[in-house]
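Construct the entire structure; sequences and hints are all you get.
Chains as they are written, first to last, in my numbering: chain A, 1 to 414; chain B, 1001 to 1412.
Hint data in this document are derived by calculation from the structure and do not stem from the laboratory.
On a predicted model such as this, the values are computed, not experimentally measured, just so you know.
For glycine and all other residues, C-beta sits at the position ideal for the given N, C-alpha and C.
Some hints could be false.
With the Cβ distance kept under 7 Å, some of the chain B side facing chain A (calculated, not the full set) [unchecked claim]:
{"hint": "1", "residue": "LEU1266"}
{"hint": "2", "residue": "SER1270"}
{"hint": "3", "residue": "ARG1286"}
{"hint": "4", "residue": "TYR1290"}
{"hint": "5", "residue": "GLY1294"}
{"hint": "6", "residue": "TYR1318"}
{"hint": "7", "residue": "LEU1330"}
{"hint": "8", "residue": "GLY1334"}
{"hint": "9", "residue": "HIS1338"}
{"hint": "10", "residue": "ALA1343"}
{"hint": "11", "residue": "PHE1368"}
{"hint": "12", "residue": "PHE1384"}
{"hint": "13", "residue": "CYS1385"}
Keeping only pairs whose Cα atoms sit at most 16 Å apart, straight-line, the calculated EDC-like set for lysine to aspartate or glutamate is [as the list claims (entries may be wrong)]:
{"hint": "14", "chain 1": "B", "residue 1": "LYS1347", "chain 2": "A", "residue 2": "ASP370"}
{"hint": "15", "chain 1": "B", "residue 1": "LYS1277", "chain 2": "A", "residue 2": "GLU306"}
{"hint": "16", "chain 1": "B", "residue 1": "LYS1277", "chain 2": "A", "residue 2": "GLU307"}
{"hint": "17", "chain 1": "A", "residue 1": "LYS392", "chain 2": "B", "residue 2": "GLU1306"}
{"hint": "18", "chain 1": "B", "residue 1": "LYS1375", "chain 2": "B", "residue 2": "GLU1353"}
{"hint": "19", "chain 1": "A", "residue 1": "LYS186", "chain 2": "A", "residue 2": "GLU133"}
{"hint": "20", "chain 1": "A", "residue 1": "LYS394", "chain 2": "B", "residue 2": "ASP1344"}
{"hint": "21", "chain 1": "A", "residue 1": "LYS144", "chain 2": "B", "residue 2": "GLU1357"}
{"hint": "22", "chain 1": "B", "residue 1": "LYS1392", "chain 2": "B", "residue 2": "ASP1344"}
{"hint": "23", "chain 1": "B", "residue 1": "LYS1375", "chain 2": "B", "residue 2": "GLU1352"}
{"hint": "24", "chain 1": "B", "residue 1": "LYS1402", "chain 2": "B", "residue 2": "GLU1321"}
{"hint": "25", "chain 1": "A", "residue 1": "LYS266", "chain 2": "A", "residue 2": "GLU325"}
{"hint": "26", "chain 1": "A", "residue 1": "LYS266", "chain 2": "A", "residue 2": "GLU227"}
{"hint": "27", "chain 1": "B", "residue 1": "LYS1102", "chain 2": "B", "residue 2": "ASP1123"}
{"hint": "28", "chain 1": "A", "residue 1": "LYS144", "chain 2": "B", "residue 2": "ASP1229"}
{"hint": "29", "chain 1": "A", "residue 1": "LYS260", "chain 2": "A", "residue 2": "ASP215"}
{"hint": "30", "chain 1": "A", "residue 1": "LYS358", "chain 2": "A", "residue 2": "ASP370"}
{"hint": "31", "chain 1": "A", "residue 1": "LYS274", "chain 2": "A", "residue 2": "GLU285"}
{"hint": "32", "chain 1": "A", "residue 1": "LYS392", "chain 2": "A", "residue 2": "GLU364"}
{"hint": "33", "chain 1": "A", "residue 1": "LYS34", "chain 2": "A", "residue 2": "GLU133"}
{"hint": "34", "chain 1": "B", "residue 1": "LYS1402", "chain 2": "B", "residue 2": "GLU1304"}
{"hint": "35", "chain 1": "B", "residue 1": "LYS1347", "chain 2": "A", "residue 2": "ASP368"}
{"hint": "36", "chain 1": "A", "residue 1": "LYS216", "chain 2": "A", "residue 2": "ASP248"}
{"hint": "37", "chain 1": "B", "residue 1": "LYS1347", "chain 2": "A", "residue 2": "GLU371"}
{"hint": "38", "chain 1": "B", "residue 1": "LYS1277", "chain 2": "A", "residue 2": "GLU309"}
{"hint": "39", "chain 1": "A", "residue 1": "LYS166", "chain 2": "A", "residue 2": "GLU133"}
{"hint": "40", "chain 1": "B", "residue 1": "LYS1347", "chain 2": "B", "residue 2": "GLU1304"}
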Amino acid sequence: MASYMSMGEAHRRITEYLNRFADVVSYQDGTSLKHLLSLSSESSSFLALADALNLFQDANRLIRQADKYSQYAEIVAPLFRAMQSYRVGHLAESYQAFEKSANAFIQEFRNWESAWALEALYVVVYEIRVLAERADRELASNGKTPEKLKAAGSFLMKVFGVLAGKGPKRVGALYVTCQLFKVYFKLGTVHLCRSVIRSIETARIFDFEEFPVRDKVTYMYYTGRLEVLNENFSAADHKLSYALTHCDPQSEANIRMILKYLVPVKLSIGILPKRSLLEKYNLIEYNDIVLAMKRGDLRLLRQALEEHEDRFLRSGVYLVLEKLELQVYQRLVKKIYIIQKQKDPSKAHQIKLEVIVKALKWLEMEMDLDEVECIMSILIYKNLVKGYFAHKSKVAVLSKQDPFPKLNGKPINS
Amino acid sequence: MERWQPQHGRWGRGRGRGRGNHSSSSFARSNDSRPSTTSNYATTTSKTSSFGINDKQDNNDSESLPNLIGTCPFMCPVDERVQRERLRDLAIFERLEGNPTKSSSSLAVKKFCRTISTKDIRDVDMRPVPVLEDTLNYLLTIFKSRSHPFEVIHDFIFDRTRSIRQDLSMQSITSGDQSIRMFERIVEFHIVSHYKLRRNTTDSNVSPMHYLNLEQLTKALASLYHLYDENRKSNPSYANEAKFYSFFVLLHLGSDHQPTGESLSLWFRSLPYSIVKSKEMMFSRRLLRYFRFGNYKRFLHTTEAEASCLQYYIIEPYISEIRATGLSCLNYGGYKLHPYPLADLSKHLLLEESDVESFCKDCGLDTFTSDTGTKFMPTKQTSFCHPKGSRKYYPLVSERLKPFYDEAPYRI
Chain A
1 MASYMSMGEA
11 HRRITEYLNR
21 FADVVSYQDG
31 TSLKHLLSLS
41 SESSSFLALA
51 DALNLFQDAN
61 RLIRQADKYS
71 QYAEIVAPLF
81 RAMQSYRVGH
91 LAESYQAFEK
101 SANAFIQEFR
111 NWESAWALEA
121 LYVVVYEIRV
131 LAERADRELA
141 SNGKTPEKLK
151 AAGSFLMKVF
161 GVLAGKGPKR
171 VGALYVTCQL
181 FKVYFKLGTV
191 HLCRSVIRSI
201 ETARIFDFEE
211 FPVRDKVTYM
221 YYTGRLEVLN
231 ENFSAADHKL
241 SYALTHCDPQ
251 SEANIRMILK
261 YLVPVKLSIG
271 ILPKRSLLEK
281 YNLIEYNDIV
291 LAMKRGDLRL
301 LRQALEEHED
311 RFLRSGVYLV
321 LEKLELQVYQ
331 RLVKKIYIIQ
341 KQKDPSKAHQ
351 IKLEVIVKAL
361 KWLEMEMDLD
371 EVECIMSILI
381 YKNLVKGYFA
391 HKSKVAVLSK
401 QDPFPKLNGK
411 PINS
Chain B
1001 MERWQPQHGR
1011 WGRGRGRGRG
1021 NHSSSSFARS
1031 NDSRPSTTSN
1041 YATTTSKTSS
1051 FGINDKQDNN
1061 DSESLPNLIG
1071 TCPFMCPVDE
1081 RVQRERLRDL
1091 AIFERLEGNP
1101 TKSSSSLAVK
1111 KFCRTISTKD
1121 IRDVDMRPVP
1131 VLEDTLNYLL
1141 TIFKSRSHPF
1151 EVIHDFIFDR
1161 TRSIRQDLSM
1171 QSITSGDQSI
1181 RMFERIVEFH
1191 IVSHYKLRRN
1201 TTDSNVSPMH
1211 YLNLEQLTKA
1221 LASLYHLYDE
1231 NRKSNPSYAN
1241 EAKFYSFFVL
1251 LHLGSDHQPT
1261 GESLSLWFRS
1271 LPYSIVKSKE
1281 MMFSRRLLRY
1291 FRFGNYKRFL
1301 HTTEAEASCL
1311 QYYIIEPYIS
1321 EIRATGLSCL
1331 NYGGYKLHPY
1341 PLADLSKHLL
1351 LEESDVESFC
1361 KDCGLDTFTS
1371 DTGTKFMPTK
1381 QTSFCHPKGS
1391 RKYYPLVSER
1401 LKPFYDEAPY
1411 RI
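Listed below in structure tokens is the structure:
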């Protein structure tokens, strides 16, 4: 608490901040400016300042005292209020005030010709999102409607508009886009990503290669996730793989996040990860699924899906993993073929449907001949098995050449 | 108190004569310069506007007036009724003894109003919950009747239930079992109409009315889910909740039927676990899995054995689709020298034996009769095509589903 601070010291701290703020802006020192705008970092200087403000109570008078910093009143006054509210744990109020300050900041930012304040803008944008998230948590726990994050989304769209111009500031647009993605994903209003994606990808002012690598990785990660949600596997593979290759190799947490979505995508196109990879990045929920695909073990696939059902549903990959059933069937039939080949190579390519029924029975899956025929016909139709089935004799006849075509990184055609 | 004025053209063109047989909310246009919804139905924009800003009036988080509590004691506000009597804008159900200029408080029902500026709303124009409940009961009695062609009845109920939903959301009535129950019943109405409109339309293209109904069905469902969420703290589960969530999955069975433009995977993310594991949701999830896989056998048999009436109404269009896919696979992979017996097709696809031939024909496939009189479908035919446009549906061979198919009255 601020009990140890004297009024004099509080006064000193506040004026010190105001002077620093004004200096930093006039020297166009973006790096220093950003440190003056972060609340959530809860640095010791911020905490002390907030305490000073709460003690002094009349910071507005101080702001007006000198022209040097009174010109920034519209930014600083609400910023102070945000700090004060934050310090006493009133997060919804804090967000409200911070948004006001950020708005004034954007207006000034617009007028500054060069992009010197871009780093500071990033901090403001980040704070808007993080404060809004916390504010919503506070509102929800008090039984009120959480609406700050939604407001943050609207505000960030405004910021995006400010950066979407021809000058050097446009390089910051991708960062704002990524913050917007995070907001929309959290809110579940993922369809709102569409318009900002369209701007980035089709507007002529933007050249994707110009953006910082870090932002490109995040962008590809989120757009890749969108492709996963829409089950566009080729596009998802392309984007998530990009994110993976350009991601900082030291950043294990980020790699894990990318892999969480890339693994199901790769599985869908027939590419299995090594167990060592899954263990290194703690993605063991996929272990049994990979094993089921290697073994053709349908029962194991179903079990694995059930065991991690909640987790897979939350990340949105459940339906993708369910689809792997087709490949598991293919593998099962292939195994039967291999066993038959060992016994009698000349007859191996003829598989009695009742043998498949028996194999499934061992896996504790009840299926009659009709259903097996149905499944074989689908496997053949989708080119997972080359051959035909003879209805009258209840036999599947495989092609002598390459009866189980590999997917080769392409999704199963429908 | 200021004298209330209706906005210009609030309830349709008002040229009463001949217009009055059914309310046409799609014709009601005032300050709205957007083109009529009916002409929009083919474009993709209206699909994505389900959650967009275009239809703020229907969406639950549209502008609402938290302190407004309706005081209108009638199904229709008095001023509106008087106005519409004068303009001859009365639906056939609202006319007293068939008189196009006279209604009564027991016949008139408040119309849906698309553009309404919130500052003009008075509490006497809003119906409180008990009145809304009575109104809904009254409307659903009409729905059950067979006094008029179905499309006429549907159109009236469609518009008037939309107005009920509007009254509920504008008064921010988000709490209470009554509100939930009303939305549930309105959803049920839309599902029954979804089925009957398709069955009763003679032309092969899905009518605009059917599309608009589907649009409102998904909106009402979205509002209902919102209500369930809001009330979850005070009431962890409603008896029917799982059933109503299962409808959403079934509406999204086919890949090109995306009524909300939203991916199912995204939708699943926000569901409570208890819902996800409920009997009705497990049923619809299984159907989804079978459909996506192409497993016609399990899809059809599971539907036959377990689908409820309303679930069946939503599933039916997909039955033809999966049968056709199945036929396509059997035709493609079947041994050329083993033509497929139609009797077996009948068994797999749950078709009456007498319907199999026609169905094959609908799919562009030939059949033949052998010397012994048995009918077959040759395999490896190259002429297969999905029966688009031709909406002839051959009923599932099922004692249990027969009453649903025969449109036995469903009690909402």
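Now the hints, each set against the structure:
no.	hint	result
1	LEU1266	holds, 5 Å
2	SER1270	holds, 6 Å
3	ARG1286	violated, 10 Å
4	TYR1290	violated, 10 Å
5	GLY1294	holds, 5 Å
6	TYR1318	violated, 15 Å
7	LEU1330	holds, 5 Å
8	GLY1334	holds, 6 Å
9	HIS1338	holds, 5 Å
10	ALA1343	violated, 12 Å
11	PHE1368	violated, 15 Å
12	PHE1384	violated, 11 Å
13	CYS1385	violated, 15 Å
14	B/LYS1347 - A/ASP370	holds, 9 Å
15	B/LYS1277 - A/GLU306	holds, 11 Å
16	B/LYS1277 - A/GLU307	holds, 13 Å
17	A/LYS392 - B/GLU1306	violated, 31 Å
18	B/LYS1375 - B/GLU1353	holds, 10 Å
19	A/LYS186 - A/GLU133	holds, 9 Å
20	A/LYS394 - B/ASP1344	holds, 13 Å
21	A/LYS144 - B/GLU1357	violated, 62 Å
22	B/LYS1392 - B/ASP1344	violated, 21 Å
23	B/LYS1375 - B/GLU1352	holds, 13 Å
24	B/LYS1402 - B/GLU1321	violated, 20 Å
25	A/LYS266 - A/GLU325	holds, 14 Å
26	A/LYS266 - A/GLU227	holds, 13 Å
27	B/LYS1102 - B/ASP1123	violated, 25 Å
28	A/LYS144 - B/ASP1229	holds, 13 Å
29	A/LYS260 - A/ASP215	violated, 19 Å
30	A/LYS358 - A/ASP370	holds, 14 Å
31	A/LYS274 - A/GLU285	holds, 13 Å
32	A/LYS392 - A/GLU364	violated, 27 Å
33	A/LYS34 - A/GLU133	violated, 21 Å
34	B/LYS1402 - B/GLU1304	holds, 10 Å
35	B/LYS1347 - A/ASP368	holds, 13 Å
36	A/LYS216 - A/ASP248	holds, 12 Å
37	B/LYS1347 - A/GLU371	holds, 11 Å
38	B/LYS1277 - A/GLU309	holds, 10 Å
39	A/LYS166 - A/GLU133	violated, 32 Å
40	B/LYS1347 - B/GLU1304	holds, 13 Å
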